[in-house]
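S.K.: Sequence:
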Amino acid sequence: MKKESRLKKHSKIRKRITGTSDRPRLSVFRSGKHIYAQIIDDATGKTLAAESDLKMKDLQKSQKAYEVGKQLAEKAVKLKIKKVVFDRGGFLYHGRITQVSKGAREGGLEF
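Residue 1 is where the sequence shown starts when you use the working numbering, and the numbers rise one by one after that.
Calculated directly from the structure, the hints in this document are not laboratory data.
Remember, it's a predicted structure, so these values are computed and weren't measured experimentally.
Misleading hints may appear alongside valid ones.
Unchecked claim - Derived Cβ-Cβ restraints for the label pairs, each shown as a range:
#1 Lys2 x Asp22: 33 to 39 angstroms
#2 Glu4 x Glu106: 32 to 38 angstroms
#3 Thr20 x Lys55: 28 to 34 angstroms
#4 Met56 x Leu79: 20 to 26 angstroms
#5 Lys2 x Lys82: 34 to 40 angstroms
C-beta: ideal position from N, C-alpha, C; glycine also.
Using the sequences and the accompanying hints, generate a full structural model.
M.R.: So, in structure tokens, the structure goes:
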């Protein structure tokens with residue numbers, strides 16, 4: 001029920017949000033233990049950069065989310081990507097999702 005609700009929200013969001021080559025989409029997925037973020041060019045259907053917290057140890061989940069956002073932003077800046085569209089994936093803009101966006105902004109991305 002909860003997953004179906006999130007997927008329904010995500011499909012509504014995706015109708016309005018698309019990533020272009022000028023302004024790709026920063027998509028976030030959150031599981032119970034981990035968080036994943038990737039920058040996607042929807043025009044070509046390719047993932048330009050991706051980051052997750054799978055190899056991070058000894059941090060709280062919210063700190064890991066912040067680091068994922070910051071490291072993804074650093075990868076994007078190396079690829080000369082400065083502006084993105086934020087896709088929260090149907091999750092509430094709260095907690096770890098907020099931390100990913102905060103880290104990405106501080107890493108050099110503009111939403």
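S.K.: Please go over all the hints and tell whether each is borne out by the structure.
M.R.: Hints versus structure:
1. Lys2 x Asp22: 33 to 39 angstroms: holds (35 angstroms)
2. Glu4 x Glu106: 32 to 38 angstroms: holds (34 angstroms)
3. Thr20 x Lys55: 28 to 34 angstroms: Once the Cβ atoms are compared, 31 angstroms apart, the range 28 to 34 angstroms for Lys55 and Thr20 holds.
4. Met56 x Leu79: 20 to 26 angstroms: This hint holds: roughly 22 angstroms between Cβ atoms.
5. Lys2 x Lys82: 34 to 40 angstroms: holds (35 angstroms)
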